[in-house]
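Build out the structure end to end from the sequences listed, making use of the hints.
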Amino acid sequence: MSDIGKVRLRIPSSIKPGDVVKVRSLIIHPMERIERDAQGKIIDKKYNYITKVTVTYLGKAVVSFDTTQSVSENPFFAFTFKATDPGPLRITFHDTTGATYEGTADIKFS
Amino acid sequence: MAKDHLQSCGAGGVTRRSVLGTLGVLGVAAAPGTLAAPGLAAAQALGAQETVDAGLKRVFGGRAMKDGSGLIKLEIPLIAENGSVVPVSVEVSSPMTPTNYVKHIYIVADKNRIPIVTRASLAPEAGQAYVGANIRLGETGDVRAVAEQSDGTLLQVKREVKVTVGGCGG
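As you go down the protein sequences, you meet chains B and H in turn. Using the numbering used here, the letters of the first sequence map in sequence onto residues 3 to 112. Using the numbering used here, the letters of the second sequence map in sequence onto residues 160 to 329.
No false leads were mixed into what you were given.
The calculated lysine-lysine pairs, modelled on DSSO-like cross-linking and capped at a C-alpha distance of 27 angstroms, are:
{"#": "1", "chain 1": "H", "residue 1": "Lys232", "chain 2": "B", "residue 2": "Lys84"}
{"#": "2", "chain 1": "B", "residue 1": "Lys8", "chain 2": "B", "residue 2": "Lys24"}
{"#": "3", "chain 1": "H", "residue 1": "Lys321", "chain 2": "H", "residue 2": "Lys232"}
{"#": "4", "chain 1": "B", "residue 1": "Lys18", "chain 2": "B", "residue 2": "Lys110"}
{"#": "5", "chain 1": "H", "residue 1": "Lys262", "chain 2": "B", "residue 2": "Lys24"}
{"#": "6", "chain 1": "H", "residue 1": "Lys262", "chain 2": "B", "residue 2": "Lys54"}
{"#": "7", "chain 1": "H", "residue 1": "Lys262", "chain 2": "B", "residue 2": "Lys62"}
{"#": "8", "chain 1": "H", "residue 1": "Lys262", "chain 2": "B", "residue 2": "Lys84"}
{"#": "9", "chain 1": "H", "residue 1": "Lys225", "chain 2": "H", "residue 2": "Lys270"}
{"#": "10", "chain 1": "H", "residue 1": "Lys262", "chain 2": "B", "residue 2": "Lys18"}
{"#": "11", "chain 1": "B", "residue 1": "Lys84", "chain 2": "B", "residue 2": "Lys54"}
{"#": "12", "chain 1": "H", "residue 1": "Lys270", "chain 2": "H", "residue 2": "Lys216"}
{"#": "13", "chain 1": "B", "residue 1": "Lys24", "chain 2": "H", "residue 2": "Lys317"}
Over 12 angstroms on every C-beta distance to chain H, these chain B residues come out as not near it, computed from the model:
{"#": "14", "residue": "Asp5"}
{"#": "15", "residue": "Lys8"}
{"#": "16", "residue": "Val9"}
{"#": "17", "residue": "Ser16"}
{"#": "18", "residue": "Pro90"}
{"#": "19", "residue": "Thr94"}
{"#": "20", "residue": "Tyr103"}
{"#": "21", "residue": "Ala107"}
{"#": "22", "residue": "Asp108"}
{"#": "23", "residue": "Phe111"}
{"#": "24", "residue": "Ser112"}
Residues of chain H clear of chain B, computed beta-carbon distances all greater than 12 angstroms:
{"#": "25", "residue": "Asp212"}
{"#": "26", "residue": "Ala223"}
{"#": "27", "residue": "Thr258"}
{"#": "28", "residue": "Asn259"}
{"#": "29", "residue": "Ser309"}
{"#": "30", "residue": "Gln315"}
{"#": "31", "residue": "Val316"}
{"#": "32", "residue": "Arg318"}
Hints in this document: simulated from the structure, not taken from any laboratory. Cβ atoms here follow ideal geometry from the backbone N, Cα and C, with glycine treated the same way.
Below, the structure is given as structure tokens:
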């Protein structure tokens, strides 16, 4: 439980200016599924799952995901962005409890 | 004297507990009410318990979909042994210029209780129309990828995935 919100961002080790870079990200999150009782009725409670993921590069939105409970536990997302300048790549996850989790990677050219 | 003290402690403990209990219930009841409003509303906008036809109609408003099999590459295993983690990736061959780009990529699992799995919104800065995600599949059925281009054209591909163990629970 205590691991909830751990974000991992993976970028290639060498990036050249102008490259289209594939990024992989992972967050530890339960993404609770809808539960049903013995009669098959949905148990009415507040399910904790991620509804929104946003990615910004140099402060500008690049990709965002709107997600539902059909996304796996500990969700993984992959996306691309075009590296133009060195700067931060930031990913933010929002879940239904109102919590946000953040991960950043510094884009540097080698 | 000592007995009195004990009794008052007991009595005090009970009242304090009951007061705390009431407060706790109130707190729990109040917190989701205030926090849930925006989160749930946003979630409802995309994911709902519905059939896939109802979901597609709600999201796309019955707009015609073209076959995108030449343009969209949907990568997903043919047989998913574990339905709770199924890796999917979608790549659309399209230029990503500010005037012509892929705006949204939807992943839809026909047989899931919540068929609309995710909607990715892309900006031209993404450089390439590519997204990947791990999704849940409840049972064997079609998985679709729908790409919406900036001019509103919808392209769709679908592929059947066999699921050995469902991943959506109850």
